[in-house]
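**Q** Following the hints, position chain L against chain Y.
Those protein sequences? They're chains Y and L, same order as listed. Taking my numbering, I'd label the letters of the first sequence as residues 1 to 609. Taking my numbering, I'd label the letters of the second sequence as residues 1001 to 1256.
Worth double-checking, as some hints may not be accurate.
Straight-line distance between alpha carbons at most 27 Å, and here's what the computed DSS-like set of lysine-lysine pairs gives [what the hints assert, rightly or not]:
id	chain 1	residue 1	chain 2	residue 2
1	Y	Lys357	L	Lys1227
2	Y	Lys386	L	Lys1050
3	Y	Lys436	L	Lys1197
4	L	Lys1050	L	Lys1194
5	L	Lys1227	Y	Lys361
Read the hints as simulated data drawn from the structure, not as lab findings.
Listed below are the residues making up each chain.
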Amino acid sequence: MLLVALVVASGAGFWSRFGVVLGKILKSKKDASFHLFPIGKRIWDFVWEVVLQAKVIRQRPLPGLAHAAVFWGFCAFVLVTLNHFAVGLGLGFLDPEGSFGRFYFYLAAAFALACATGILGLFVRRFLIRPKWLGEKLSYQSGIIAFLIFLLMATYLASFFVADANPATRVLWWVHTLALLTFLPIIPHTKHLHLVLSPATVFLSRGGFSQIPALVGDEDFGLIAGTDLTQLVSLQAYSCVECGRCTEHCPAANTGKLLNPKEIILGLRGYLNDLGPAASEPLLGMYNAEEAPFQCTTCGACEFQCPVGIEHLPILVGLRRGAVNTGAWENDYGAKLFLALEHGSNSLGLPASDRDKFIEKAGLPLFDGTQEYCLWLGCMGGYDPKGREIVADLARVMNYLGASYGVLRKEKCTGDPVRRLGNDLLFQQLAEENLKTLAENKVKRIVTICPHCVRTIQEDWKDYGTPPPVEHHSEFLARFADKLPKQRDGETIVFHDPCYLGRYRNVYDEPRSVVALAGELVEAPRNHERSFCCGAGGGLAFLGEETGERVSHVRAAELVATGAKTVGTACPFCNSMFRDALAESGDGAPQLMDIAQLTARGLPENDPS
Amino acid sequence: MKIIVAIKQVPERDAQVRIEAAGKWIEEAGLQWALNESDAYALEEALQLKEKHGGEVVVVSAGPERVGSTIRESLAKGADRAIHIDSADLGNRDALGVARLLAAAVKPENPDLVLTGLQSDDLGLGQTGVILAELLGLPHASLILHVEKTESGLTVKRELEEGWFQTVELPTPAVLTIQSGGNKLRYATLMGIKKAKTKEVRVVAASELAPDSAPVVVLERVAIPTKQKSTQMLGGSAKEAAAALVEKLKFEARVL
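Isolated chain L, as found in the complex:
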């Protein structure tokens, strides 16, 4: 089974994000970067499928040179080789533009399965994977927690709302976008890092894969979320406070 995992490098979870002067994007200088969370789960799913059924796991990622560190980390966790789509101006491309790059890199590989995270931690569009499937002309399913290989294709578990799940069967090749939390992630090891040094990373210039096209969607402005404090202290006896809490959870928060 040949599996391609499309991954994205995003600012580290603990990064202190600042908006750049023009207000169109964040200041990238001095930021620490990490693998997008749901992409980490996509990679884990791919590695587990490979461990069960054999085959190859190839990671593909688009971005500037710094993306190399995240690619190395994926190779260290067990991916066999990588394709780095070198693009300094990824921010100028919309989801369709990025998906075109990915599709052009993935197509000649003829994979049995393409996995990617459900959405990115920075932009959170949730579109790239689905558009990629469309461009490749492959069936797809989104929000996947579990993948099982069957005789004829795949059986996958989708997450729906309110604790509901859906089981879907689909043929291969296919594209799946993976939801976080379906598996336990593996940790990086010294041995993995040392082995990764000898694995192949093919760097392809973005311009070789797809011509620049004017983005259909343009980011107008980014902003740090405004903070508001809405803590309410519930007074009275424990019984009264509990009753008031239930009231609020039911009718204000609507979680009960």
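Okay, chain Y solo, but in the shape it has when bound:
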């Protein structure tokens, strides 16, 4: 009887909070663009990220393994725990003498040992090592939870060494039971809510990286108030486990800006707790600073790292949308960029005739519908002096390879910076005009030097039409690697992964194979999917960085420290950021070259012999 009463009390303690949280999530706005199917990827993500704990382990191996040990221990314990209570009621179903029961109890014991070791390790890390991204405040709740988990495992293991007749068995049984019944109601009251929610969050996530949902109806302008929070956003806000991986990798948070992706998510949770999903108070202001979302470079390190399936980018861009689509955001540089694109053609605000002059001077063939590739210049390729050099060099390589290509007579900005800044009006105009131009010119395939153009054309334009397939020049060049000359002098080249090529497109090997043709590839300490942003994305190349250290300088210093003779880039925006940052390094600075330039310099036409 006592046991039943305790179980009911414990369950009630759990539900008293969990019911509230669930209510807030379910009462949030429906996600109009959510589709359960195709379900294959969801199942795979679930198995990979939840069951196998692959993301948790891969990005932080030691704590990740410790966490996995605790998680797997819990899974193994489900049956043991059910049996434990059943025994209390005289209904035990695992026979300790039977072969399956014996096998299972010993198996669970192995897991319990791993779990106890894991939780001990995590306890030491949190309370003794104290990594800075866990926050300055020590979480006493984590301490209690760690203690309870340890107690559960210890009592289970101890029961193997105590004979059944011994009164200590009864004590152990009750300690184990009470620990379990204390543990249950603590879960929803703390960040340990992720135990229950995060498997669902991972399974239900939007799936695509930085997938910005289409606005629905005439009243949707982005995330402005509680009524704009969708079920997915609310679920994600409550799933945050506060591990701080997002903060650890965030270029803004690491260079003294106000933005901290973890605080953005916790701010939304605070809003939901205090005001709920029906509130009309603004999301920005009280719970998160208005300028914080505008310090995001949209590099996506946070979203990539998050082990519980939180999608930061749709949230950060959503908050920007809310401010920009209503005109609430006032920023001189931002307004200048928007005005330049309202009636102009490029984000640099230069006359379109400048592009014509460049095309003529560089002798680029015009696209006439017969060529295989449309060489898309982009704002940087068409208007920026260094971007033009990269395009001209890529054209030389394409000529050498005998590829047929042409450039469009007129081209507008793809809308990347305005898409990331949340200006949907402008983005739609640019996407539609460009899609029309491409259709009129019968473009079947695009190659471009700019990963931002690639991403925006291929993914973001889909809301307004069907873009032709696009590839980045690294993919094009890598495909012809065996036809391109290999340079023999072994110059060291450190390659910087552009966020929009790596995390956004999952292209890491192609640019490296191109670099390897030109010299000896050197890796920066942070590379591949952990690469550190150059600071230009998310429209920030146009806004300027007013506070803290410059992201570009931090990354440039890291690249210089590798001692490589050359910094290899694959994005004209990265190139532009490092051009300024490296200028500060003085005469000893490495040279800066795009992979197209690295390839072009090896062409036989440059060979003096």
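**A** Only chain L this time, still in chain Y's reference frame:
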């Protein structure tokens, strides 16, 4: 405060302009259009005055159907309603002819203030606003960078030559022609565009407002400016080149 802003639609800044066969005007087919730059500043000034003092901002524009897109854009930026003077043959009217149309549309509105851009990006006559004031019988000031409402009327800042400014006081109602650059322009927003859909645009035929009259000024011929390259390379040491540059800036370019 009821403010009327007279605006003009002109070819987009990046437009590749071609001369039509007869040589009298540009080829309009295929051109992209935008709001005349100084008119954008006139609209911004009007919106800021309204935000400070309340009232209404009405835009008025003369031209063919295509002008509708520029009117919508002005409504999206915050104007309350619009009057579209429908005229397919605006090119046949001189500044006086256009000002007559505008005056006829503005008069019954009894505005407190009429603003318009200093001049248009295409013709650049700089006359329409001033003639409009004359036709309305209102005081006016031109080249205005800043407008302040006072107890008795307005205090405005005029731009003069060589960095000089003049402060002028005038009573309302008045007509002001606005110089570019006095304010920061606002960007168009999705919310603005959606709200603009429900705002009133009254279309009036030009013939209802003012009878056709023979233009006093007629465009004889338009031409693309001829290009000439007059880049000079200054040689010698940095010191010599700098001295030569100063010499040229002083006596040839006369900017120093």
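**Q** Decide, hint by hint, whether the structure agrees.
**A** For each hint, the structure was consulted:
Distance restraint check for Lys357/Y and Lys1227/L: the Cα-Cα separation of roughly 14 Å lies within the 27 Å cut-off, and the hinted pair is therefore satisfied. Taking the CA atoms of Lys386/Y and Lys1050/L, the gap is near 45 Å; set against the 27 Å cutoff, the hint is violated. A threshold of 27 Å between alpha carbons decides the hint, and for Lys436/Y with Lys1197/L the separation of about 24 Å falls inside it, so the pair holds. A distance of roughly 20 Å separates the Cα atoms of Lys1050/L and Lys1194/L; the hinted pair therefore holds under the 27 Å criterion.
Straight-line distance between C-alpha atoms of Lys1227/L and Lys361/Y comes to about 17 Å, which keeps the hinted pair within the 27 Å bound.
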